[in-house]
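Whenever a hint applies, use it, and build me the whole structure from the sequences.
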Amino acid sequence: MTADVLTAMRSVFGRELLVFWRRSTEVMTALVFFVIVTTLFPLAIGPERHELMLVAPGVLWVAALLATTLSLNHLFASDYQDGSLEQLLMSPHPLSLLVLAKMAAHWVLTGLPLALLSPLLAVQMALPAKAIGTLVVSLLLGTPTLTLIGAVPAALTLGVRGGGVLVSLLVLPLYTPVLIFGAEAVAASAGQGFASVAHLSLLGAFLALALSFAPWASSAALRVSLD
Amino acid sequence: MKFIHKYGAPKRFYQLAGTFIPWFAGITAVLFVSGLYLGLYWAPPDYQQGDAYRIMFVHVPNAWMSMMAYVIMASFAATGYIWNIRLADILARVSAPLGASFTLTALVTGSLWGKPMWGTYWVWDARLTSELILFFLYVGYMALQASIDDARRAAHASAILAIVGVVNIPIIHYSVYWWHTLHQPASLTLTNQPKIYATMLIPLIVMSLAFMFFYLTMLCVRARSEILLRERHTDWVRKLVEGKP
Amino acid sequence: MTWAQFLSMGGFAFYVWSAYGFTAVVVVLNIVQPLTHKRKVWQGLRRGLDDGEEERHEEAE
Amino acid sequence: MSDGLFAARGLACMRGDRTLFAGLSLELAEGQALHVRGPNGLGKTTLLRALCGLSRPARGEVRWRGELITDLADDFTAEVAYVGHLNGIQGDLTAGENLEVARRVFARRTTPPQVVSEALERVGLRAIADRPARYLSQGQKRRLALARLLVLRRPLWILDEPFTALDAASVVGLSALIGEHLAAGGLALIVSHQAFDIPGIEDFELARYSRTRK
Numbered sequence: 001m002t003a004d005v006l007t008a009m010r011s012v013f014g015r016e017l018l019v020f021w022r023r024s025t026e027v028m029t030a031l032v033f034f035v036i037v038t039t040l041f042p043l044a045i046g047p048e049r050h051e052l053m054l055v056a057p058g059v060l061w062v063a064a065l066l067a068t069t070l071s072l073n074h075l076f077a078s079d080y081q082d083g084s085l086e087q088l089l090m091s092p093h094p095l096s097l098l099v100l101a102k103m104a105a106h107w108v109l110t111g112l113p114l115a116l117l118s119p120l121l122a123v124q125m126a127l128p129a130k131a132i133g134t135l136v137v138s139l140l141l142g143t144p145t146l147t148l149i150g151a152v153p154a155a156l157t158l159g160v161r162g163g164g165v166l167v168s169l170l171v172l173p174l175y176t177p178v179l180i181f182g183a184e185a186v187a188a189s190a191g192q193g194f195a196s197v198a199h200l201s202l203l204g205a206f207l208a209l210a211l212s213f214a215p216w217a218s219s220a221a222l223r224v225s226l227d
Numbered sequence: 001m002k003f004i005h006k007y008g009a010p011k012r013f014y015q016l017a018g019t020f021i022p023w024f025a026g027i028t029a030v031l032f033v034s035g036l037y038l039g040l041y042w043a044p045p046d047y048q049q050g051d052a053y054r055i056m057f058v059h060v061p062n063a064w065m066s067m068m069a070y071v072i073m074a075s076f077a078a079t080g081y082i083w084n085i086r087l088a089d090i091l092a093r094v095s096a097p098l099g100a101s102f103t104l105t106a107l108v109t110g111s112l113w114g115k116p117m118w119g120t121y122w123v124w125d126a127r128l129t130s131e132l133i134l135f136f137l138y139v140g141y142m143a144l145q146a147s148i149d150d151a152r153r154a155a156h157a158s159a160i161l162a163i164v165g166v167v168n169i170p171i172i173h174y175s176v177y178w179w180h181t182l183h184q185p186a187s188l189t190l191t192n193q194p195k196i197y198a199t200m201l202i203p204l205i206v207m208s209l210a211f212m213f214f215y216l217t218m219l220c221v222r223a224r225s226e227i228l229l230r231e232r233h234t235d236w237v238r239k240l241v242e243g244k245p
Numbered sequence: 001m002t003w004a005q006f007l008s009m010g011g012f013a014f015y016v017w018s019a020y021g022f023t024a025v026v027v028v029l030n031i032v033q034p035l036t037h038k039r040k041v042w043q044g045l046r047r048g049l050d051d052g053e054e055e056r057h058e059e060a061e
Numbered sequence: 001m002s003d004g005l006f007a008a009r010g011l012a013c014m015r016g017d018r019t020l021f022a023g024l025s026l027e028l029a030e031g032q033a034l035h036v037r038g039p040n041g042l043g044k045t046t047l048l049r050a051l052c053g054l055s056r057p058a059r060g061e062v063r064w065r066g067e068l069i070t071d072l073a074d075d076f077t078a079e080v081a082y083v084g085h086l087n088g089i090q091g092d093l094t095a096g097e098n099l100e101v102a103r104r105v106f107a108r109r110t111t112p113p114q115v116v117s118e119a120l121e122r123v124g125l126r127a128i129a130d131r132p133a134r135y136l137s138q139g140q141k142r143r144l145a146l147a148r149l150l151v152l153r154r155p156l157w158i159l160d161e162p163f164t165a166l167d168a169a170s171v172v173g174l175s176a177l178i179g180e181h182l183a184a185g186g187l188a189l190i191v192s193h194q195a196f197d198i199p200g201i202e203d204f205e206l207a208r209y210s211r212t213r214k
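Residue numbers (the working numbering), protein chains in the order written: chain A, 1 to 227; chain B, 1 to 245; chain C, 1 to 61; chain D, 1 to 214.
There could be a bad hint or two in this list.
[Unchecked claim] In silico EDC-like cross-links for lysine to aspartate or glutamate, where the CA-CA straight-line distance does not exceed 16 Å: (1) Lys11/B <-> Asp17/D; (2) Lys11/B <-> Asp235/B; (3) Lys38/C <-> Glu231/B.
Quick caveat, the hints were computed from the structure, so don't treat them as lab data.
Okay, structure coming up:
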């Protein structure tokens with residue numbers, strides 16, 4: 001039986017990547033949004049490097065968080081419209097595992113590129129070089145949690161009026177712990193060289209908690225939305 | 001046998017609550033009057049803060065109630081979702097606006113207390129910040145309820161949100177505390193307010209009980225009208241409506 | 001303790017009374033709004049509220 | 001006749017706060033099919049979704065081989081193929097890829113790959129197998145959704161308006177398909193306003209259990 005589930009998960013993961021790849025413009029919007037939002041801040045705060053440096057960790061993390069929130073509806077919305085989500089619920093395999101595969105594909109297409117792109121923007125935001133490593137690691141640890149937690153409100157608001165804005169209203173309070181320790185980790189290593197390992201380990205803990213909780217919660221949410 | 005029988009529950013609750021509401025309301029009124037007298041008149045001024053500390057008697061009970069109402073709401077919502085009990089859905093739905101009001105009052109009274117103590121209305125103090133995030137959770141819950149037409153889906157969808165929320169509350173709470181100590185380790189915060197003498201504890205307890213009974217009373221009042229709405233197709237509601245001119 | 005002294009709240013009158021005032025407003029709102037809602041529900045039921053909803057269901061299969 | 005392979009007892013479903021139908025019971029044994037009939041708004045779609053476990057009925061129980069489908073959960077969904085109003089076809093994948101995904105994600109036993117080409121052949125979509133599904137016509141998309149039935153090979157078919165957008169020839173083709181399914185011991189529950197002819201199918205009047213005041 002487990003072999004079936006793994007093949008099913010692998011093919012859901014593969015299908016998601018294939019579908020997103022064919023619709024790559026949608027994938028790019030999250031990345032472009034991330035770049036644009038970060039470039040706004042120097043325009044607003046001014047180009048002085050020491051000022052930008054202070055806000056850089058927070059700006060980079062908030063921009064990454066908003067970019068993920070924006071792309072959350074890629075998770076289920078189109079499958080909900082064409083009915084393949086309904087078919088996913090009718091699969092013989094545990095829904096939470098299939099949803100986990102979908103979330104992994106979503107992260108590979110939004111969270112991962114954000115993390116890999118962040119060094120460029122860190123330079124733009126005058127973030128000290130020694131903190132860039134921590135930035136990438138914190139985003140690699142944090143963005144999966146954002147996708148996992150975000151999947152629940154994304155599933156709850158399927159087919160609901162004003163779903164897009166509603167998702168961010170529901171999800172941002174839940175994102176605060178990840179934001180706090182993500183930005184703190186980067187600020188710590190950018191500042192007096194505090195050990196940011198404490199913050200990163202907390203981000204890891206959040207990821208573990210989200211991994212254990214979110215697949216169940218979002219499959220329950222999907223069942224409610226398609227009831 | 002589940003103690004709330006799924007089908008008869010709304011009707012029985014409607015009648016039961018009907019008889020209790022006057023009593024609850026009476027107790028609430030008595031508690032409020034005595035609480036205000038004790039808090040504003042009887043309790044001596046604090047040697048450090050003078051009379052400003054009296055705001056504590058409205059701020060702290062509301063902060064407690066905002067947390068308690070969310071936990072009660074989440075447990076009603078979970079019961080309604082897991083065992084498909086309509087009465088629990090209704091009680092969860094009507095608990096949200098009350099909880100949101102407590103949170104809002106806690107925020108406003110907290111900042112009014114902050115001004116005389118630190119000179120600014122808003123201090124990113126750990127308790128006020130987590131209270132603010134709790135307020136966003138309430139607003140999110142009510143927004144989700146409002147944007148779904150089908151009553152059952154709205155109840156179950158917001159139940160999942162409430163369950164996820166209640167799991168996150170301690171995490172948000174401690175993250176904000178650690179975040180706070182990272183930035184202002186030494187300053188006086190609302191968390192370590194003045195040492196509570198017996199004379200302060202009594203009004204605090206009385207006011208807290210007052211707000212608890214207030215919550216209970218209004219929960220029943222709101223639940224009864226929601227039950228009438230949700231059960232309008234049943235015979236007992238139709239008889240009730242025709243009965244009373 | 002004269003009335004004036006009591007009102008002045010040791011100089012913090014504005015903060016204490018606005019805190020209690022705001023609390024009172026929220027409490028009163030939370031009493032008035034549910035009661036008016038209750039009356040509206042009764043009027044709706046008496047007018048046969050569900051007729052409107054019945055048409056809306058006919059189209060949605 | 002064996003106690004029905006697939007049975008519902010005392011089923012009641014609601015829409016919002018209104019009870020659509022109540023006390024509904026039905027039974028299906030191997031090779032049997034039911035044509036659920038009734039005017040719009042009675043909740044035919046709601047009934048079908050409750051029977052395949054997609055939506056939770058307000059009251060009552062649905063059993064497969066004597067066991068509650070809520071207990072069976074995934075084991076029950078492995079026995080059901082549901083075709084709803086939506087085709088469940090991803091526009092960005094080609095017709096062949098859609099069925100290939102169905103084979104790998106939804107078929108539990110490792111069904112052989114050629115099942116996909118056979119299914120495409122049977123519904124006459126072999127020629128356009130590698131065209132993105134979004135360019136298919138409504139009728140072709142519907143046939144692709146029905147081709148999934150052949151790939152999944154499930155005993156119980158629950159079909160909601162399967163004949164929509166199908167031309168006369170395809171209606172005959174689909175009816176034959178269902179006939180073969182029944183002959184092979186399969187079961188089917190069909191809602192359709194279009195005329196079709198499947199030997200041995202019985203009518204099921206939903207109006208008998210309806211609670212909506214007219």
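Results for each hint:
Distance check on the hinted pair: Lys11/B and Asp17/D sit about 15 Å apart at the alpha-carbon level, within 16 Å; holds. For the proposed pair Lys11/B and Asp235/B, the alpha carbon gap of about 11 Å is at most 16 Å, so the pair holds. Under the criterion of a C-alpha separation no larger than 16 Å, the hint pairing Lys38/C with Glu231/B is consistent with the structure, at around 14 Å.
The structure fails none of the hints (numbered hints given earlier).
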